[in-house]
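Once you've looked at the hints, dock chain B against the given chain A.
Which chain is which? The protein sequence lines are A and B, in order. So for the first sequence, the numbering used here puts the first residue at 208; every next one is plus one. So for the second sequence, the numbering used here puts the first residue at 4; every next one is plus one.
No wet-lab data here; the hints were simulated from the structure. From a predicted model like this one, the values you see are computed outputs, not experimental measurements. In this text, a Cβ means the ideal position worked out from N, Cα and C, and glycines have one as well. One or more hints might be untrue.
[What the hints assert, rightly or not] Here are the computed lysine-lysine pairs in the BS3-like style, where the Cα-Cα straight-line distance is at most 27 Å:
#1 A:326 <-> B:21
#2 A:363 <-> B:167
#3 B:126 <-> A:339
#4 B:128 <-> A:339
#5 A:326 <-> B:167
[Said to hold, decoys possible] Below, a sample of chain A positions facing chain B; criterion: calculated Cβ distance under 7 Å:
#6 209
#7 283
#8 396
#9 400
#10 403
#11 405
#12 460
#13 464
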Amino acid sequence: MLKTRVIPCLDVKDGRVVKGVNFVNLRDAGDPVECAIAYDAAGADELCFLDITASHEERNLLLDVVRRTAEACFMPLTVGGGVRTLDDIRNLLLAGADKASIMTAAVHDRDFVRRGAEKFGSQCIVVAIDAKAVAPGRWEIFTHGGRRPTGIDAVKYAQEVTALGAGEILLTSMDRDGAKSGFDIELTRAISNAISVPVIASGGVGTLEHLVEGVRDGFASAVLAASIFHFGEFTIGEAKAYMAKAGLPMRLDPTDFGDAVSK
Amino acid sequence: MTVAIIDYGSGNLHSAAKAFERAASESGVATSVVVTSNPEIVLSADRVVLPGVGAFPDCRNGLLAIDGMVEALEEAIHARAKPFLGICVGMQLLAERGLEHGETPGLGWISGTVTPIEPDDPKLKIPHMGWNNLELIRAHALVDGIPLGAGGLNAYFVHSYHLKASDRRDVIATTDYGGALTAIVGRDTICGVQFHPEKSQAFGLKLISNFLRWRP
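Next up, chain A with everything else stripped away, as it sits in the complex (with noise of 0.2 Å):
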């Protein structure tokens, strides 16, 4: 049976983890790659690096952080954040990650989703929405880190982008993100019952509970978090633990290799 992912998110900037990673004793706790090394040793069963750097020139770091980071982890990995041109997602997919998530490019130019899946395939072009809801059962489609609306309809959108070739989506509520009360479950709902690719539900977890949620009544195929992550308030563990207890299949695999086979 096919399992729920848990995802963690790592914000980074020019190269560093934004605010750290602080669940486990790390050498360096803004080096990403160190981060994401844990989070492999933890059981994440993918992983998600969102680059804010503002400057084009330092986006090489972003690159370098990728590559290292695909040597040292064999699980899979998305990056987003400024992929606007077809040659952002190739450098990406060559410096080893296996999926870009393009956002504002393809509010812009929606043409963009197909050009990618088109060039790259649908498995590796997720499109990321950051939606907030405008009147009962409406959500709009919000840019610039939701300060910006489009007017576009989030549900709408999401079955264009569909049809175009984004192989997922990343749904992010902008009126839940950071506000620990727990996904949109109504708009999580609303975008997976449209379309049929993967959702991954992200924006507002404060507890584990929450992430139950998304998945038994949002109907999202995996769940992304930040921060309850990274400042130890749950290990990944205890989340896979905690959702396969509500029935939902998780993948509770050692990490190990030695606890995992027999050599």
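Here is chain B on its own, set in the frame of chain A:
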């Protein structure tokens, strides 16, 4: 031992090469891993790996675009009986034909067709993306020491098409996603995996190290 990972413009081979190096060191097999598009190197290697990411026709065309590569593969595998591992679309290319974006011939080393995944539960999402466990159909050196079945280890899958083998004896393991999908195929010195061992943590490293030690 030399392992040739064929570079034919399909996706990133950096992490695949690193996974083979790590698996070799975990299992103590002295191995040199070469990422190559040179048919001569494929012919001289001890083991051959064909990765693959993207659509079936693109991968097929990429392989054909390298002068002499398909011939080198046929020679290495059929005449010289070298162990071969296909990964994801590299496994699908073993089939006689693929139906993604129209009909395209494959290498035809495994009888069967690559068809769209059609889960019996319409609510299941396509692609089949994420971690899934395997059901063993027939014992094979590739999965030695790896716990399979419901309580077993999971492997990482990302695919919308799957290889429907026409000879059941070629199927080593399946995975369930609204019906059984082929997860591992094998015949003689040829094997192929639908999932990504280079992204499947301990499961993947063990499978690669089994492949390196395999004496078919």
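Each hint, compared with the structure:
1. Of the supplied pair hints, the one linking residue 326 of chain A and residue 21 of chain B holds, its CA atoms being roughly 25 Å apart against a limit of 27 Å.
2. Under the criterion of a C-alpha separation no larger than 27 Å, the hint pairing residue 363 of chain A with residue 167 of chain B is inconsistent with the structure, at around 35 Å.
3. The suggested pairing of residue 126 of chain B with residue 339 of chain A holds, with an alpha-carbon distance near 26 Å, which does not exceed 27 Å.
4. Between the alpha carbons of residue 128 of chain B and residue 339 of chain A the distance comes to roughly 25 Å, so the proposed pair stays at or under 27 Å and holds.
5. For the given pair, residue 326 of chain A sits about 26 Å from residue 167 of chain B by alpha-carbon distance, which is consistent with the 27 Å threshold.
6. Among the interface hints, the one on residue 209 of chain A holds; its C-beta lies about 5 Å from the nearest C-beta in chain B, closer than the 7 Å criterion.
7. This hint holds: residue 283 of chain A has a C-beta 5 Å from the nearest C-beta of chain B, less than the 7 Å allowed.
8. Look at residue 396 of chain A: its Cβ only gets to about 12 Å from chain B, farther than 7 Å, so that hint breaks.
9. Interface restraint check for residue 400 of chain A: the shortest CB-CB distance to chain B comes to about 9 Å, outside 7 Å, so the restraint is violated.
10. Look at residue 403 of chain A: its Cβ gets to within about 6 Å of chain B, closer than 7 Å, so that hint holds up.
11. For residue 405 of chain A, the suggested interface contact is upheld, since its CB lies about 5 Å from the closest CB of chain B, less than 7 Å.
12. A cut of 7 Å between beta carbons decides the hint on residue 460 of chain A: the least distance to chain B is about 5 Å, and the hint holds.
13. Given the 7 Å rule on beta carbons, the hint for residue 464 of chain A holds: about 5 Å separates it from the nearest Cβ of chain B.
The earlier numbered hints that this structure contradicts are 2, 8 and 9.
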